Amino acid sequence: MRIKSFEKHYYLMLLPGYLWLTVFTIVPMFGIVIAFQHFNPGKGVFGSEWAGLEHFKYMFVLKDTREVFFNTLIIAVLKIIAHLIVPLVFALMLNELRRIVVKRWIQTIVYLPHFLSWVILGGIVLDLFSYNGPVNQLGAMLGFKPTLFFAQAELFPWLVVGSDVWKEFGFNTIIYLAALTGINPALYEAAGMDGAGRWQSLWHITLPGIRTTAVLLAVLSLGNVLNAGFDQIFNLYNPLVYSTGDIIDTWVYRTGLLNLQYELATAVGLLKSLIGFILISVSYYLAYRLINYRIF
Amino acid sequence: MIRDKTWGSRLTDIVLMVVLIGITLTCILPIWYTFALSLSSNSAAAAGQVWLWPVGFNFNAYTQILKDTQFFGSFWISVQRVVLGATLNFVVVLLMAYPLSRSSRQFRARGVLMWILVFCMLFNGGLIPLYLTVKGLGMLNSIWALVLVGGAQTLVFNIILTVNFFRNLPKELDEAALVDGAGPWYSLLRIYLPLAVPVLATVTLFSIVYHWNEFLYGLIFMTREQYYPLQTYIQQLVVSVDPATMSEDQYRRLSELSNRTLDAAKIFIAMLPIMVVYPFLQRYFIHGITLGSVKE
Numbered sequence: 001m002r003i004k005s006f007e008k009h010y011y012l013m014l015l016p017g018y019l020w021l022t023v024f025t026i027v028p029m030f031g032i033v034i035a036f037q038h039f040n041p042g043k044g045v046f047g048s049e050w051a052g053l054e055h056f057k058y059m060f061v062l063k064d065t066r067e068v069f070f071n072t073l074i075i076a077v078l079k080i081i082a083h084l085i086v087p088l089v090f091a092l093m094l095n096e097l098r099r100i101v102v103k104r105w106i107q108t109i110v111y112l113p114h115f116l117s118w119v120i121l122g123g124i125v126l127d128l129f130s131y132n133g134p135v136n137q138l139g140a141m142l143g144f145k146p147t148l149f150f151a152q153a154e155l156f157p158w159l160v161v162g163s164d165v166w167k168e169f170g171f172n173t174i175i176y177l178a179a180l181t182g183i184n185p186a187l188y189e190a191a192g193m194d195g196a197g198r199w200q201s202l203w204h205i206t207l208p209g210i211r212t213t214a215v216l217l218a219v220l221s222l223g224n225v226l227n228a229g230f231d232q233i234f235n236l237y238n239p240l241v242y243s244t245g246d247i248i249d250t251w252v253y254r255t256g257l258l259n260l261q262y263e264l265a266t267a268v269g270l271l272k273s274l275i276g277f278i279l280i281s282v283s284y285y286l287a288y289r290l291i292n293y294r295i296f
Numbered sequence: 001m002i003r004d005k006t007w008g009s010r011l012t013d014i015v016l017m018v019v020l021i022g023i024t025l026t027c028i029l030p031i032w033y034t035f036a037l038s039l040s041s042n043s044a045a046a047a048g049q050v051w052l053w054p055v056g057f058n059f060n061a062y063t064q065i066l067k068d069t070q071f072f073g074s075f076w077i078s079v080q081r082v083v084l085g086a087t088l089n090f091v092v093v094l095l096m097a098y099p100l101s102r103s104s105r106q107f108r109a110r111g112v113l114m115w116i117l118v119f120c121m122l123f124n125g126g127l128i129p130l131y132l133t134v135k136g137l138g139m140l141n142s143i144w145a146l147v148l149v150g151g152a153q154t155l156v157f158n159i160i161l162t163v164n165f166f167r168n169l170p171k172e173l174d175e176a177a178l179v180d181g182a183g184p185w186y187s188l189l190r191i192y193l194p195l196a197v198p199v200l201a202t203v204t205l206f207s208i209v210y211h212w213n214e215f216l217y218g219l220i221f222m223t224r225e226q227y228y229p230l231q232t233y234i235q236q237l238v239v240s241v242d243p244a245t246m247s248e249d250q251y252r253r254l255s256e257l258s259n260r261t262l263d264a265a266k267i268f269i270a271m272l273p274i275m276v277v278y279p280f281l282q283r284y285f286i287h288g289i290t291l292g293s294v295k296e
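First to last, the sequence lines map onto chains B and R. Residue numbering for the first sequence follows the numbering used here, starting at 1 and increasing by one per position. Residue numbering for the second sequence follows the numbering used here, starting at 1 and increasing by one per position.
Everything labelled a hint here was simulated from the structure, so no lab data went into it. Be a bit skeptical, because a hint or two may be false.
Unchecked claim - With a straight-line cut-off of 27 Å between C-alpha atoms, the simulated BS3-like cross-links for lysine-lysine are:
| hint | chain 1 | residue 1 | chain 2 | residue 2 |
| --- | --- | --- | --- | --- |
| 1 | B | Lys4 | R | Lys171 |
| 2 | B | Lys8 | R | Lys171 |
| 3 | B | Lys43 | B | Lys57 |
| 4 | R | Lys171 | B | Lys43 |
Unchecked claim - Covered stretches of chain R, going by a simulated chain B footprint (3 or more residues, C-beta under 8 Å):
| hint | stretch |
| --- | --- |
| 5 | 79-87 |
| 6 | 193-200 |
This one's a predicted model, so the numbers in the text were calculated from it and none came from an experiment. Heads up, the beta-carbon is just placed ideally off N, CA and C, and yes, glycines get one too.
Same shape as in the complex, but just chain B (with noise of 0.2 Å):
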């Protein structure tokens, strides 16, 4: 039923939101045009020079960018992998557990590190990793020679992508423990009458069960390709790791605000975020398709 009157204070309770989105996301959208001008700070986004497309073409010749692009392709694809697979087995794992008190202790320290900041987080790895750090204290007890770990080039993406699934992976249980307590237990118990084992009825109860789940989050992943995580490498790479460890992002925000080369950082980010949002739309499009997914 549509009441007319009605209409009117749904906006009046919608304005104050929109205002706000409006300033602080739509507004920003319209900067993007820096993209194509020779910003002048002084006279502001209307009163500077238009440069056409100089700023793209000038990025597709700088090593730079394409050095930047590459790095973040291969850590937002690894993580991909990573996130898919590594919380897939854990909650299988902790499904098979039989004790229910240890399974939710286990499920309340390893959601933890998902709430804490990569400031946090990264200073703690920074010191595990450290000279003097347990880890090379560790290795030292083996027999290893100590190793500035995050100072290696060749390291530093497989540290990037380790440390982010250690912090997320409890987190990434949650839905797929979700879509197990959705199996039905009848199919468990017909199956042991009929004489399944565990590994049976893993196979033919428990995958098939969470598939569709598997499936939707596998689709959905693809958005990030773009997304290494800002806040996870620029607290922990260093001049040392820029060869493998400078994203998009961090580039960004070296270029445009350490730099003041404004013009350049803003294309590199809009052509980012324009692949971004491709892919993301393209990703929601197929989750609805495929298992008719929908945002809201």
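Go by the hints and put chain R onto chain B.
Then chain R, alone, in the frame of chain B:
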């Protein structure tokens, strides 16, 4: 889960338990280690003697922090930011989720308004335009830059979560309210608000965690250290490395110069507020996450 009592199955159970507990320990031991480090003597920390128990037990790091007025200033800014940000988030989410959860027949513009929100969530102008917008509004060095910019970025997700919650409530509720002559404001405050406690608790806790943990906006919008929120303060003084080129030796010397016990104490204190809200968080967030995935 098949409960067979064969030796093979029992052995699997034991191995499973050991592996799961081992993985779980990797999540909690680094945090415990940081606590032990903060209570150790500097020399023991530098020599890498600290494992899971303080060596040369003392409170020096904590008494030093007590004298650090900048630390307390930043702590207070973070507290203000969390209170303002979470309150604003609560009010705006409630006000927006109610009209947007009406059916398109009750509220014609619903679909369009929802898609605008989704667009705000999925596309952004990038870091530089955002910085220039905030600068143009004269909000640099104001706490409102932290509250409003960060808040706008998490607002849409929280609204969608709450809209989906409202849409899963029985439709009869709305009809009964209408028949009894309740207007939109009465329905919202007297009928929907009390029912929405679980989802509003979830989004409020998400907002508290977000505002406490966010460090980048503090770094770019605050030009003086005295305005830094706590995470930015820690990021700058403990974690960050000067983004100029450096050699491996310089990197190593830099980490040897740092006061590891003091850093550990700062990190530990910055973690405490999250630990305090964590039990409440844990009660709600699982609900909050699975909420979005189940729809009619």
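Status of each hint after checking the structure:
1. Lys4/B / Lys171/R: holds (19 Å)
2. Lys8/B / Lys171/R: holds (22 Å)
3. Lys43/B / Lys57/B: Within the cut-off at roughly 24 Å; holds.
4. Lys171/R / Lys43/B: violated (55 Å)
5. 79-87: With 0 residues close enough to chain B, the hint is violated.
6. 193-200: violated (count 0)
When held up to the earlier numbered hints, the structure conflicts with 4, 5 and 6 and fits the remainder.
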